[in-house]
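Generate the whole structure from the sequences, applying the supplied hints.
Residue 77 is where the sequence shown starts when you use my numbering, and the numbers rise one by one after that.
One thing to keep in mind: the hints can contain errors.
No farther apart than 27 Å at their CA atoms in a straight line, the calculated lysine-lysine pairs in the DSS-like style are these [stated by the list, open to error]:
#	residue 1	residue 2
1	K91	K159
2	K106	K91
3	K97	K126
4	K102	K159
5	K144	K106
6	K144	K159
7	K144	K134
8	K97	K158
The hints are simulated quantities; they were obtained by calculation from the structure and are not laboratory data.
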Amino acid sequence: RETTLPGMFEQLLTKIGLSSKYDSLKLYLKRHIDIDSNRHGPLSLILFEKSYENNDLKYNQALDAAIKSIEIRYDLWTGIHKKITSMNS
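Structure below.
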């Protein structure tokens, strides 16, 4: 998640454009791009590796949890995208 979101947020910022209507959202996205790219992303990879301790069962459990987390966030951001798109129509 931490390594995927910055790219998604950058695309969203591009689509929002210069409209001051979304200044708060743009600030939120820019902050998260910075934090996720420079701190949370690298730390999340280290945490994931430590979570399974070279144990196949723990690895699969950690991977399943990571995938579920990404799916939930995908649904969240898809909903946000739909809302923004409908507001611009």
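Hint check:
| no. | hint | result |
| --- | --- | --- |
| 1 | K91 with K159 | holds (13 Å) |
| 2 | K106 with K91 | holds (14 Å) |
| 3 | K97 with K126 | violated (42 Å) |
| 4 | K102 with K159 | holds (15 Å) |
| 5 | K144 with K106 | holds (25 Å) |
| 6 | K144 with K159 | holds (23 Å) |
| 7 | K144 with K134 | holds (15 Å) |
| 8 | K97 with K158 | holds (16 Å) |
Checked against the numbered hints above, the structure violates only hint 3.
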